[in-house]
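*Asks:* Here is what each chain is made of, one letter per residue.
There are 2 protein chains.
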Amino acid sequence: MKEQINIGMIGLGTIGCGALDVLQTNKAEIERKLGSRVEVVKIADLDITSERPVKFDKRLLTTDASEVLENPEIDIVIELIGGVHPAKEFVLRALRNGKHVVTANKELIAKEGAELFEEAAKRNLDLCFEGAVGGGIPIIAALKSSLGGNRIEQVIGIVNGTTNYILTKMSHEGRDFAEVLAEAKAHGYAEPDPTNDIEGYDARYKIAILAGIAFTCRVNVDDVYCEGITKITKRDIENARELGLAIKLLAIAKRSGEKVQIRVHPTLISVDHPLASVNDVYNAIYVRGDFVGDVMFYGRGAGPRPTGSAVAGDVMDIARNINFGATGRLPCAVLDRCEAQSMDEVATRYYMRMLVTDRPGVLASIAGVFGEQRVSIGSVIQKDQHGDNAEIVMVTHQVAERNFRRAIELISKLPVVAEVSTWIRVEE
Amino acid sequence: MKEQINIGMIGLGTIGCGALDVLQTNKAEIERKLGSRVEVVKIADLDITSERPVKFDKRLLTTDASEVLENPEIDIVIELIGGVHPAKEFVLRALRNGKHVVTANKELIAKEGAELFEEAAKRNLDLCFEGAVGGGIPIIAALKSSLGGNRIEQVIGIVNGTTNYILTKMSHEGRDFAEVLAEAKAHGYAEPDPTNDIEGYDARYKIAILAGIAFTCRVNVDDVYCEGITKITKRDIENARELGLAIKLLAIAKRSGEKVQIRVHPTLISVDHPLASVNDVYNAIYVRGDFVGDVMFYGRGAGPRPTGSAVAGDVMDIARNINFGATGRLPCAVLDRCEAQSMDEVATRYYMRMLVTDRPGVLASIAGVFGEQRVSIGSVIQKDQHGDNAEIVMVTHQVAERNFRRAIELISKLPVVAEVSTWIRVEE
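The listed protein sequences correspond, in order, to chains F and P.
Take the first sequence: its position 35, counting from 1, is numbered 35 in this note's numbering, and each next residue is one higher.
Take the second sequence: its position 58, counting from 1, is numbered 58 in this note's numbering, and each next residue is one higher.
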């Protein structure tokens, strides 16, 4: 048993303050569970003058990261600055100096995980990142450990709170994207530059991490197909509801034969699916294992307090390993190379909306093209009239995306089709 | 690293077969993750002749538990016979012989946990029981480890699949209890003698275990208030729906000042609550921590495959501890005595249905009694006429159960009240 475990922090922004807060507020409980004292002994941040929403001993602050990274007293470094650089260099230095690392940095783990985990393994150090996906939801631990006896078939997540908030507002209040985004920005639910969230990049990092653990394989972030929510309209949300479908930005990872398909895009799912009722800023990760069946993990996917909870859990895990001489006990199990299935090969269902000339035979010509491309139609709804045109909504049965895209291309060129307005993937 | 970790099993019933199945089916994956071989080397069961739904080497079978418990080659004993005796004696013998134990036996852990964990701790052995609550849902690991940095405020679970199936059928199909129970028995979703499930005893064991971990205190099962679902009628379910409420058998553990309240009873919750849409045999556990906020864990709460998943996760956890010399790493953290709040003191809301004389002033006399007992009324619905009587449904605001019960006693005696037909607790 180590009498005292010393923590150094890099980054005292919003998330850093949440982590510091939980380690201070629940210090007695945490120490009692561990049987060791746990002290934050140094905090590096470029800004050491701003007021923070958490009370702490200001003498711990330094602008010099070396005072954390080179401090021989420090056992665990908590990195919470975000982004790849200089976070990567800091984490590598911490590991090379024999320090365990806790981070909530999804971009870093998704892009540079390979190098970092190799460095940690070489030195028998722990590198923990529960807070990188789903805030305080213990999904990393579940996949690495509790569900470890399963062959995981798929992981489907709502892993970005901002887009889930926007889509929920659009759905419940019948409002359009731009309007809700503006409101989300005003309320602080969306960043001033929301690109990272609304284009799905944040979700892409997260599903890359989850897929890697679930399928024990190294995922290249660039192989993850990614499409944001900017083109979703209230019109499509209303049509979908008529069809018993709800819209979510889903991050999907599935085994498909020997390959894996990993993709982030707006998706229609049955309103009866447990993910359909995950609303507002909440996240949820739906996992299917060969023995456990379907399990879902739900909670606040971001924010200083939930992420602080995850960081504290990681710190306690490492502290136990230190005390039992068992560091490196649960190493990175990303052992395989995996081949990503191209979107062309991915088979799913599709919702589509188009404007057509309102005269006999139109449906027949569209159905003809679909038939040639082996796309079979599940349902058709004729919607409102727009001048000489009628709006038609269709949902296909499952078909390879290559075929569907080819059919759409051909249908767009039919003289009777004014416009294929939009299409959205539909998951079972 | 131990080259091979040997498992002995006690009990090869339905659940035992599920555990054996996962350890065989996913053997290669499990061993690759652990870096050790994991072999089931002996299986004790009184019945060694019946056909089982899993293929295995019949030479492993014995009717003599000693061949597992006294076998010096065996590292981990999996106990899956259920019930307190002789399971307790077997687990104690295993521990005294230096073997780690995995069990899914909720009754054993809830009633005899104190003695068993003490024995395990004394010998630095692991005693794991993820499968005892929520089947394959990793709720024990989450509470013990990932959420360990939180002060847990409450745990609310749907932890019994049979009753959830019955209540779901009653709600969705407008049918009465007896009819659905008979059907559930016919389909094998309810035992021939369903007492343990429908009276809430099974849920009581489970919430006693969860509360103990969440509040790090020893819970006496007898202190857990327990009420089953046998008195729930389709009439009340319909009334509740009109009020925006759904019926669930909830297992509730909450801190209440310095005390804890732990109770199992049919409960009305808002249809918007995430637990309200947990249907059929699915389970879910809703946890509130001071930092993580609200998190929910959802999945199949029973059955051989999900429970097998939990058992395999525990086996892997122990195997890692063996390999790293870290057994006893995550000990039982039930450190405190906790005082149970009596139901008299518990404050909640109440739904009630009664038959009253249909004449002026009736509501005033009822409201008068409620007022004297400091019970305040949230909503009132006048329902159908029954001869000279009218049916009235009321929902109170939050009030201590002592006051509510006293009010009901007095109201029952009012000359204008023919009958207080039923009342059900309502949770926020």
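Some hints could be false.
Treat identical chains as interchangeable: a pair holds within one or across any two.
Unchecked claim - Cut-off 25 Å, straight-line C-alpha distance, at most; resulting in silico cross-link-like pairs (DSS-like, lysine-lysine): (1) 259 / 27; (2) 122 / 169; (3) 122 / 2; (4) 185 / 169; (5) 2 / 413; (6) 58 / 169; (7) 413 / 27; (8) 234 / 169; (9) 88 / 259.
Calculated from the structure, these hints are not laboratory results.
Note that the structure is predicted; figures quoted are calculated from it, not measured.
*Asks:* Each hint: holds or not?
*Replies:* Tested hints:
1. 259 / 27: Cα proximity of residue 259 and residue 27: across copies only (21 Å, versus 46 Å in one copy).
2. 122 / 169: neither (48 Å within a copy, 55 Å between copies)
3. 122 / 2: Classified as both; 23 Å inside a copy, 20 Å across copies.
4. 185 / 169: within (13 Å within a copy, 43 Å between copies)
5. 2 / 413: neither (72 Å within a copy, 66 Å between copies)
6. 58 / 169: neither (41 Å within a copy, 59 Å between copies)
7. 413 / 27: neither (67 Å within a copy, 54 Å between copies)
8. 234 / 169: within (10 Å within a copy, 34 Å between copies)
9. 88 / 259: Neither: 30 Å inside a chain and 47 Å across chains, both beyond 25 Å.
In summary, the numbered hints that this structure violates are 2, 5, 6, 7, 9.
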